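Engineer: Residue numbers (the numbering used here), protein chains in the order written: chain A, 95 to 452; chain H, 95 to 452.
By construction, these hints were calculated from the structure, which means they are not laboratory data. Quantities reported herein were computed from a predicted structural model and do not represent experimental measurements. Careful: at least some of the hints might be erroneous.
[What the hints assert, rightly or not] The calculated lysine to aspartate or glutamate pairs, modelled on EDC-like cross-linking and capped at a C-alpha distance of 20 Å, are: (1) LYS348/A / ASP200/H; (2) LYS348/A / ASP341/H; (3) LYS348/H / GLU177/A; (4) LYS348/A / GLU319/H; (5) LYS348/H / GLU417/A; (6) LYS348/H / ASP269/A.
[Stated by the list, open to error] To give an idea of the interface, some chain H residues facing chain A are shown, with a C-beta separation under 10 Å as derived from the structure: (7) VAL248; (8) VAL346; (9) ALA432.
All C-beta atoms in this analysis are idealised placements derived from N, C-alpha and C, irrespective of residue type, glycine included.
There are 2 protein chains.
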Amino acid sequence: MTEPTAPSAAVVIGTGLVGASIGCALTAGGTTVHLRDQKMSHALVAAELGAGTVDPPAPAEVSLVVAAVPPRALPQVIAQALESYRHATVTDVGSVKAGVLAALWDSGLDLDRYVGSHPMAGSQHSGPMTARADLFRDRTWVITPHRRSAATSVAAVAAMVQACGARQVVMDVDDHDAAVARVSHLPHLMSVLMASHLTGVPSEHLLLAGQGLRDVTRIAGSDPELWVQILGANSAAVLSELRAVQDQLDQVIKAVESPETGQLLAQLTRGVEGIRRIPGKHGSAQVAYTRVVVEIPDAPGALGRLFALVGEAGVNVEDISIEHDQARQVGYLSLSVAPEQAPGLTSAMIGHGWSVQA
Amino acid sequence: MTEPTAPSAAVVIGTGLVGASIGCALTAGGTTVHLRDQKMSHALVAAELGAGTVDPPAPAEVSLVVAAVPPRALPQVIAQALESYRHATVTDVGSVKAGVLAALWDSGLDLDRYVGSHPMAGSQHSGPMTARADLFRDRTWVITPHRRSAATSVAAVAAMVQACGARQVVMDVDDHDAAVARVSHLPHLMSVLMASHLTGVPSEHLLLAGQGLRDVTRIAGSDPELWVQILGANSAAVLSELRAVQDQLDQVIKAVESPETGQLLAQLTRGVEGIRRIPGKHGSAQVAYTRVVVEIPDAPGALGRLFALVGEAGVNVEDISIEHDQARQVGYLSLSVAPEQAPGLTSAMIGHGWSVQA
Numbered sequence: 095m096t097e098p099t100a101p102s103a104a105v106v107i108g109t110g111l112v113g114a115s116i117g118c119a120l121t122a123g124g125t126t127v128h129l130r131d132q133k134m135s136h137a138l139v140a141a142e143l144g145a146g147t148v149d150p151p152a153p154a155e156v157s158l159v160v161a162a163v164p165p166r167a168l169p170q171v172i173a174q175a176l177e178s179y180r181h182a183t184v185t186d187v188g189s190v191k192a193g194v195l196a197a198l199w200d201s202g203l204d205l206d207r208y209v210g211s212h213p214m215a216g217s218q219h220s221g222p223m224t225a226r227a228d229l230f231r232d233r234t235w236v237i238t239p240h241r242r243s244a245a246t247s248v249a250a251v252a253a254m255v256q257a258c259g260a261r262q263v264v265m266d267v268d269d270h271d272a273a274v275a276r277v278s279h280l281p282h283l284m285s286v287l288m289a290s291h292l293t294g295v296p297s298e299h300l301l302l303a304g305q306g307l308r309d310v311t312r313i314a315g316s317d318p319e320l321w322v323q324i325l326g327a328n329s330a331a332v333l334s335e336l337r338a339v340q341d342q343l344d345q346v347i348k349a350v351e352s353p354e355t356g357q358l359l360a361q362l363t364r365g366v367e368g369i370r371r372i373p374g375k376h377g378s379a380q381v382a383y384t385r386v387v388v389e390i391p392d393a394p395g396a397l398g399r400l401f402a403l404v405g406e407a408g409v410n411v412e413d414i415s416i417e418h419d420q421a422r423q424v425g426y427l428s429l430s431v432a433p434e435q436a437p438g439l440t441s442a443m444i445g446h447g448w449s450v451q452a
Numbered sequence: 095m096t097e098p099t100a101p102s103a104a105v106v107i108g109t110g111l112v113g114a115s116i117g118c119a120l121t122a123g124g125t126t127v128h129l130r131d132q133k134m135s136h137a138l139v140a141a142e143l144g145a146g147t148v149d150p151p152a153p154a155e156v157s158l159v160v161a162a163v164p165p166r167a168l169p170q171v172i173a174q175a176l177e178s179y180r181h182a183t184v185t186d187v188g189s190v191k192a193g194v195l196a197a198l199w200d201s202g203l204d205l206d207r208y209v210g211s212h213p214m215a216g217s218q219h220s221g222p223m224t225a226r227a228d229l230f231r232d233r234t235w236v237i238t239p240h241r242r243s244a245a246t247s248v249a250a251v252a253a254m255v256q257a258c259g260a261r262q263v264v265m266d267v268d269d270h271d272a273a274v275a276r277v278s279h280l281p282h283l284m285s286v287l288m289a290s291h292l293t294g295v296p297s298e299h300l301l302l303a304g305q306g307l308r309d310v311t312r313i314a315g316s317d318p319e320l321w322v323q324i325l326g327a328n329s330a331a332v333l334s335e336l337r338a339v340q341d342q343l344d345q346v347i348k349a350v351e352s353p354e355t356g357q358l359l360a361q362l363t364r365g366v367e368g369i370r371r372i373p374g375k376h377g378s379a380q381v382a383y384t385r386v387v388v389e390i391p392d393a394p395g396a397l398g399r400l401f402a403l404v405g406e407a408g409v410n411v412e413d414i415s416i417e418h419d420q421a422r423q424v425g426y427l428s429l430s431v432a433p434e435q436a437p438g439l440t441s442a443m444i445g446h447g448w449s450v451q452a
């Protein structure tokens with residue numbers, strides 16, 4: 095198989111944040127991108143931001159069409175694109191895949207040139223103003239071929255994903271929808287549940303709100319109209335997750351009723367375990383660091399000297415913690431560094447008189 | 095009433111993040127801070143970071159004692175401090191107040207020199223390594239006097255809050271505990287509920303995790319042992335919130351079962367309303383901006399020139415959005431700016447030939 099190449103001419107339908115950003119990335123890669131939007135002003139702004147041109151394309155020259163419109167409009171926009179652009183692969187960036195595909199099957203169209211996809215990036219800002227070519231860099235972008243998708247069309251979508259700098263993951267449509275129910279739609283509803291609870295909290299109590307509450311509720315600020323469409327399109331999968339959470343909430347309530355029985359500790363510990371399962375920001379495995387442990391001396395300015403030494407050695411400290419030996423009443427500073435930097439740092443410290451643990 | 099003044103000598107018991115940061119702020123304000131910790135290594139590191147000295151104080155000279163130890167240890171540490179430092183106001187920084195106060199009443203001690211408090215800052219990092227004098231700057235710090243608290247002691251705690259750069263809020267103990275159940279303990283459990291659900295999600299699905307999931311689950315990564323103590327100390331208030339959420343979750347499930355009936359939209363909209371009730375980051379009222387609206391021209395480079403003009407005018411744009419007139423097929427760029435900057439910006443734009451909406 096040859097390396098996928100970016101298309102020479104593409105059409106992006108819908109110039110919100112995601113569509114305009116795809117336009118920017120494809121344009122930067124040398125593709126001529128034609129922008130279309132029901133709101134001409136959005137297309138004009140996207141064009142200004144480098145996403146492409148508002149000039150109409152020659153349909154026969156278009157090899158890729160990206161439908162970046164709200165979920166409800168997708169089946170019709172995709173069907174029209176398949177008919178208007180006879181040589182083009184058509185993809186979409188909708189966040190739920192099965193319903194759109196079912197609607198397209200029902201239309202009786204030949205779907206070999208259609209391959210769904212879903213970039214895991216975006217934000218609650220829906221307009222093109224914040225569009226940028228690197229929106230998808232190092233993000234996951236799911237490609238969801240169906241049983242009739244042509245291999246060349248799958249390759250064309252893969253080329254677009256690559257041109258956007260994203261990491262492709264190929265998934266079955268139903269598997270994709272189950273995954274987003276779990277990692278996107280359920281978290282959204284949990285955030286909404288917490289945020290809507292605040293409507294009944296006295297203002298004075300909200301003065302005590304900290305970063306934790308803001309983090310938990312941030313995504314609940316997204317456009318309700320859009321989310322009705324997303325959740326409605328994936329309601330079966332979402333309901334299954336919600337019912338599991340309902341059972342789990344019953345358990346949490348029982349645990350808080352008897353906080354000292356160990357059940358509450360088990361629930362909280364399970365939360366920490368769940369977080370650990372989320373891959374690193376770029377989907378990479380967690381890097382294992384080596385810990386260099388030195389005894390903390392009881393001498394003014396000692397830590398300052400230690401960090402100066404670390405800086406001189408050109409070592410990047412990823413994490414710092416203190417370990418304490420209660421029996422000996424001494425403490426140790428544990429510096430987490432890249433494995434290849436540990437031996438050099440250890441020698442430098444010993445050379446400067448530090449007591450490094452073996 | 096005279097302006098509260100920072101104490102000349104203080105004792106901080108417990109040199110984790112919060113205790114060490116209070117030490118840093120008081121030291122920076124000219125107070126001699128004596129640090130005490132069961133783990134001498136933590137006290138030594140805190141001293142290195144500028145939080146104070148590990149030298150023992152002369153008890154008679156101490157005018158303020160801050161107990162910054164885990165919740166379970168608070169009653170005993172506070173009681174001992176009241177006995178050891180006969181001229182000092184004693185406060186604590188525990189996140190739940192009623193249980194500690196009840197335990198102190200039971201001890202039969204004279205509590206006029208005790209005033210509880212609770213700074214709304216900190217993080218899941220529990221050691222002193224990340225301590226800093228400005229941890230509490232512009233954060234809310236609740237002071238919870240009881241019926242026997244001496245006015246001079248309340249003033250002493252207010253002076254400490256001021257020395258730390260925080261904004262004081264005075265609340266009744268029970269009111270405080272209800273407030274933190276709502277804005278801190280419930281969000282924590284919602285985050286845990288979502289995070290623990292991830293333990294059952296296939297790894298491949300977690301590749302699709304985005305920033306939303308990370309935000310919702312972040313605080314679930316906090317120390318489970320500490321949170322068993324916090325939730326256990328406030329279980330009645332927390333249970334009342336959890337049961338309300340349980341009812342609300344039933345409603346959300348019904349809404350997702352019939353997404354098109356308007357119930358789901360109502361739930362999602364309530365979430366947005368809830369977020370809007372959270373005060374701005376510094377607890378200030380939301381600033382009202384004035385919008386300057388210009389027609390978007392269909393000319394290459396026009397927006398670039400517009401933003402250059404905005405920059406030259408020295409105007410700070412707080413928000414940008416696009417408004418579209420579907421009938422006329424024209425768009426408008428709406429720039430939100432400080433009210434006092436709007437007239438100048440408008441004149442400059444008109445002067446440069448832009449069409450500005452009245």
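Engineer: So, for every hint listed, does it hold in this structure?
Structural biologist: Here is what the structure says about each hint:
no.	hint	verdict
1	LYS348/A / ASP200/H	29 Å, violated
2	LYS348/A / ASP341/H	16 Å, holds
3	LYS348/H / GLU177/A	39 Å, violated
4	LYS348/A / GLU319/H	18 Å, holds
5	LYS348/H / GLU417/A	50 Å, violated
6	LYS348/H / ASP269/A	24 Å, violated
7	VAL248	19 Å, violated
8	VAL346	6 Å, holds
9	ALA432	19 Å, violated
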